[in-house]
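Undergrad: Taken in order, these protein sequences are the chains called C, Z, Y and U. Each residue of the first sequence is one higher than the last, beginning at 1 in UniProt numbering. Each residue of the second sequence is one higher than the last, beginning at 1 in UniProt numbering. Each residue of the third sequence is one higher than the last, beginning at 1 in UniProt numbering. Each residue of the fourth sequence is one higher than the last, beginning at 1 in UniProt numbering.
These are calculated hints, taken from the structure and not from any lab test. One or more hints might be untrue.
Claimed, not checked - The calculated DSS-like cross-link candidates involving lysine-lysine, where the alpha carbons are at most 30 Å apart (straight line), are:
1) 288/Z / 288/C
2) 360/U / 384/Y
3) 403/Y / 384/U
4) 8/C / 124/C
5) 124/Z / 124/C
6) 384/U / 124/Y
7) 360/U / 124/Y
8) 403/U / 384/U
9) 384/C / 384/U
10) 24/Z / 7/Z
11) 288/C / 124/Z
12) 124/C / 384/Z
13) 384/Y / 384/U
What the hints assert, rightly or not - Computed from the model, here is a short list of chain Z residues facing chain Y with C-beta under 8 Å:
14) 300
15) 392
16) 401
17) 403
Idealized CB from N, CA, C, for every residue including glycine.
Here is how the chains run, residue by residue.
Protein chains: 4
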Amino acid sequence: MSSSNVKKVALAYSGGLDTSVILKWLQETYGCEVVTFTADLGQGEEVEPARAKAQAMGVREIYIDDLREEFARDFVFPMFRANAIYEGEYLLGTSIARPLIAKRLIEIANETGADAIAHGATGKGNDQVRFELGAYALRPDIRVIAPWREWDLTSRETLLAYAESRGIPIEMKRGNASPYSMDANLLHISYEGGILEDPWAEPEETMWRWSVSPENAPDQPTYVELAYEHGDIVAIDGERMTAAAVLSRLNQLGGANGIGRLDIVENRYVGMKSRGCYETPGGTIMLKAHRAIESITLDREVAHLKDELMPRYASLIYNGYWWSPERRMLQQMIDASQAPVNGEVRLKLYKGSVSVVGRKSESNSLFDMNIATFEDDRGAYDQKDAEGFIKLNALRLRIAGRKGASFV
Amino acid sequence: MSSSNVKKVALAYSGGLDTSVILKWLQETYGCEVVTFTADLGQGEEVEPARAKAQAMGVREIYIDDLREEFARDFVFPMFRANAIYEGEYLLGTSIARPLIAKRLIEIANETGADAIAHGATGKGNDQVRFELGAYALRPDIRVIAPWREWDLTSRETLLAYAESRGIPIEMKRGNASPYSMDANLLHISYEGGILEDPWAEPEETMWRWSVSPENAPDQPTYVELAYEHGDIVAIDGERMTAAAVLSRLNQLGGANGIGRLDIVENRYVGMKSRGCYETPGGTIMLKAHRAIESITLDREVAHLKDELMPRYASLIYNGYWWSPERRMLQQMIDASQAPVNGEVRLKLYKGSVSVVGRKSESNSLFDMNIATFEDDRGAYDQKDAEGFIKLNALRLRIAGRKGASFV
Amino acid sequence: MSSSNVKKVALAYSGGLDTSVILKWLQETYGCEVVTFTADLGQGEEVEPARAKAQAMGVREIYIDDLREEFARDFVFPMFRANAIYEGEYLLGTSIARPLIAKRLIEIANETGADAIAHGATGKGNDQVRFELGAYALRPDIRVIAPWREWDLTSRETLLAYAESRGIPIEMKRGNASPYSMDANLLHISYEGGILEDPWAEPEETMWRWSVSPENAPDQPTYVELAYEHGDIVAIDGERMTAAAVLSRLNQLGGANGIGRLDIVENRYVGMKSRGCYETPGGTIMLKAHRAIESITLDREVAHLKDELMPRYASLIYNGYWWSPERRMLQQMIDASQAPVNGEVRLKLYKGSVSVVGRKSESNSLFDMNIATFEDDRGAYDQKDAEGFIKLNALRLRIAGRKGASFV
Amino acid sequence: MSSSNVKKVALAYSGGLDTSVILKWLQETYGCEVVTFTADLGQGEEVEPARAKAQAMGVREIYIDDLREEFARDFVFPMFRANAIYEGEYLLGTSIARPLIAKRLIEIANETGADAIAHGATGKGNDQVRFELGAYALRPDIRVIAPWREWDLTSRETLLAYAESRGIPIEMKRGNASPYSMDANLLHISYEGGILEDPWAEPEETMWRWSVSPENAPDQPTYVELAYEHGDIVAIDGERMTAAAVLSRLNQLGGANGIGRLDIVENRYVGMKSRGCYETPGGTIMLKAHRAIESITLDREVAHLKDELMPRYASLIYNGYWWSPERRMLQQMIDASQAPVNGEVRLKLYKGSVSVVGRKSESNSLFDMNIATFEDDRGAYDQKDAEGFIKLNALRLRIAGRKGASFV
């Protein structure tokens, strides 16, 4: 892309060192105006300081948005309706935040007349894909600038030298004390790099930031009761609250009980394997609890169909296809399935474990304690029916056996 | 089926009260000879006492088999290659034992010239289906007698009265002290009934038999290292051992650390929901560890394909289709995928949690620590490639956007 | 079921011999009142004569309904949105009519205070399952009487003798002149039995009723143009018409051109294989045309997801689960996908073949003739992007190759 | 990639104008030695003339291989075991040839010490992907040169000018008389471009090369009988022959009867829709016949599982992943399923239509003409079993109905 054509670019700006260098680099290289966008997604850091930093670099249009509620309500909650897990383990904490940032960046680009967007994701990761697929889907003619794929500041040294030469404060470097590359939002915090690059090395205890170790968790279990409406948590221990408040509260409860740590090697969409560690205290509780409320309210075949489609749904989110028509199509089916998912789940949190200890649904339970006995008065279940059920299900196997069929 | 036609029946005989009553009832009602078959599947109870009981009732052909190794090697291990979980939670501990019992029953029927088999499963559960589908698949003309679907001893009182009147010792009742219906084998122990019939009621601590509570587990974590060959564990902490020994050892380790308890509501194949509690200490460790060794040795798309087919594979086992051609077909694919699944996994067991803390594979790791740097000398990854990758993956979304397509 | 408990039964009554015998048998055996229900589903026979016959047997509540429009609009059309085919060949003509009959039977039972329904399907086929699953889903406490599974009139001779003895006219026998068992409705006509029971035998030309043979079809092709809105055909050759009229017209056009004959062996839900021949002239055209309009209006991944779920959707309908929550859930997704499926398809019909010769969509085409050239002005496609696309898609294969991985 | 590093390149060389220009351009631009590879895949053109042309341009290592048998046996036949169709219509004729060319190119590169390969596919199509994914999978360090993505000879004029200036005969242009871009091999011939770029335009009759029009086909049907072993055709009308001979013969028979024409809009892997016309006479017959032999020899659930996985398998081939581990894994399952697929299929070919008129399998038929009557003597089917079968399958629907559940 010819750099001369860009007039204004909307930059996803954290206020940290890397995106500050990017901001300056965009101004210098593209000679264009930069609009900054800083989002509070619940990462636990102040976002307001980004304003002064951006102003200091001459930015005139500065967006600082609190997106926590939208993030929880319109992205995290819909995803949990699907019981989404990537590769059997990962709760998609980073993946699910990117489409919201992409959407807001495009909205800001549209509002400010920007013809391009820029982000600070590298050329080796998934995040570049997630940002850009979202952006292209929402505004097909947008130009995307990914400095890490373009510039020559590819080493830490050259980057720091650039920063110094332009007067960008080095202490801005986010996660200064940490040897890890981290990403955080209301759903999780992630760690990559450092000693994690050796998949045989155990992370040291000091790495983890959001949860105590199971060893240091309280010796008494914590019980919590979640109320569901249409698959979403609407109250905790009887207190009604918003989606973001639910996530916050569950993060506190989970973190205090050592819940939600994960250490995996995952397959990136760009083709390589990478080691990542994650803390997802609230999300870990939510997944367990959602399956429990579904276990008494969902029809068996609906549940199984959801389970079979889940890996694909999770991959779509992991790979950056939130804004694709196929994700939306799946979502419609998933959302439709949640109409009867109403009721309460009771959980025990203890030293790293979440256990379901009760589930009920006044309006929608399909669990019938009396199925054993209702034969007499209502005729629903006659044990003799089982014989016919088995005989016909066995018929094809018997015919094959008679014909001497042996499959292997 | 006319009772007059049965000459000899092979009975799955536990030696407990229920199957002793069945034994007698078969002799009286069908006037046929009964062959008993008692299996040691690792349930943790003596099987030899069944001999004297059967002899006392006049049985002349008595089979008492130690099937632990076959069970672990040919049933449990193949199933874990698939990472099989039913409905997101259940490790299929009961389900996977039934096809082996069905197979052995048919073998015994063939050896002894029996024309029928009988079992003690009720008409409301899954086990009748698993026994009978297996039996029909392996011997299409077999007759199946399921006394619980036929007789009128349908209450505890009538059953006890029958036993008393025939001199069958009541103290034989298995699980005498327990209010729960239980089933155990090398992979797990299960609990149903009693207060569990209320899905809102938490089971009391005294129910659990195979694991200490997380609260009572040691304050120090236990580390364990598992060695894999072709997807199966072949050694623990450097000590090579058989499949059954692996399961035993992991059950000890897991149980001692409070690992593997599960409390769920599940969907039975016969159409109703039921509450079950399970302890699967070794299996819980195995599932986590197997995913970890696969995470560095399996190709991404192979892993994803396995994940998408897993729910169906698990349902086949749950529903009793182990001996079906479709399960075998899936197994061939799964087994083929395990050729490169070799290496070691290191785990931390602590108060109910299993955490992977390391994984390596000298021969088959696809994890490349140097992927970041091998660009220079080997050209595998050029960050600029990501732009093209994203642009073409976005093309259909962009075209749709230009055409004003909005899916929802 | 005790026959003494049934007070009134709603019978699916064709007016033919078999269901007339059933009517009488119900009156005699159950001593209950019978309500008859006869539907015009486009089978091409008069339904009104059923009235007099029912009256003659003392029936006081007689329902004769023209359901053709509802059948086409609410059953056939939704199914074709999914491109449903069972086992790669069968267009589900019989399967799709049963849920409508089940629904109407239950409605009539509710209106007339009947506590049971009855049908004339045998105990070996799929139709009993389809009727009864529908009935149970729509009214869980309904009693179902399936005379063919209960009575002893199991041979043609005993049935005829029974009819004669009760004064039921034998000439009522439907399909008198045909050696085949047939079923017809707006979507198709089917043939089973007779020489078809030998799967090596070719049906004689005289069997086919709805289509000329390709040999006898016109020597000039017929062109036809179909207009689609949201996946449904709304006009033929510019003439707007209802769903039932669409099916009728396409049946005429297809039948006249020798289109839509099918000769297969299929797998019944009850476990056996059976030979069936079908004529589905209009449906054959519809399937081809629907794929064509989707080919230019549907996103690739949406289309592929539909294709992957289609066999399951088709099996649900074949097996009788139209009224299940899982079918409805899939339908919601399918219907949602059809929003952009608008436009026209032009077809050539000739001696047994349907060929698509044109497709267009003014509002929703995703086909871009200028994709080749729009690089210059809009930047959508840069051939150089393909290199990055390929390189990253190849990355996992290259890493595996370097590590010496060989899958097989 | 720096052009200076390439020493020798193996070129997929058709002998036509485009690849002749590429040959010269490689010599000039890369200053490297070129090895040519020309394959006879059954395209119906002489391959030997390519030798003289290559020699004339100074090529010293010239490979001309007859790959027809390998193509049919190891690529086409395995694919047809899966009943593979892309997007419901396309028989993958071009897609399936590319992996063989990729494999042979790499073999030749290895034999001749070439460090790169080159091909004549454009940057907008699927073939570049198929060639390159195959090449990278089989030799991870190979360099790939795709001139159409690199050079500036992007218009017909510049290309011709280049050819003229280097003395490359213009008459070499393949398909000189045709306005279409074509590709042919034993399985099919394809047409793109020209008026086909308007998806509303019907191709003129003169475009088609391999089949007569249905109008011009014989007025008498042709019957043909195919014999299968393990899913592959081994004999036609009793004459045993090789895979390539089978394809040839069926192409003749199909082409003579107007069979196998297809006109579609398909979704390319690179993200755009494109119009293509295809003639696949033999393949069209093979697909129909293979389904027929499977219909009597395959278990229902095996067949359904194959059907559900087929779209994914077809996409893998379409997208160029023949040499991927996931395609191989699926193939193992598919091949395993074909063990019992033995027998004969009888077909009628007539004016564009293929109809199955008979199928049999002495050794493996699961079709039982007597299933209706074998109840009496063998007890396989008792109509009363159907009641239990239906009742238990309906149980979840009834429970939901009682609880007032309404899904939608």
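Undergrad: Hint by hint, which ones does this structure get wrong, listed from lowest number up?
TA: Hints 2, 3, 5, 13, 16 are the ones this structure does not satisfy, whereas the remaining hints hold.
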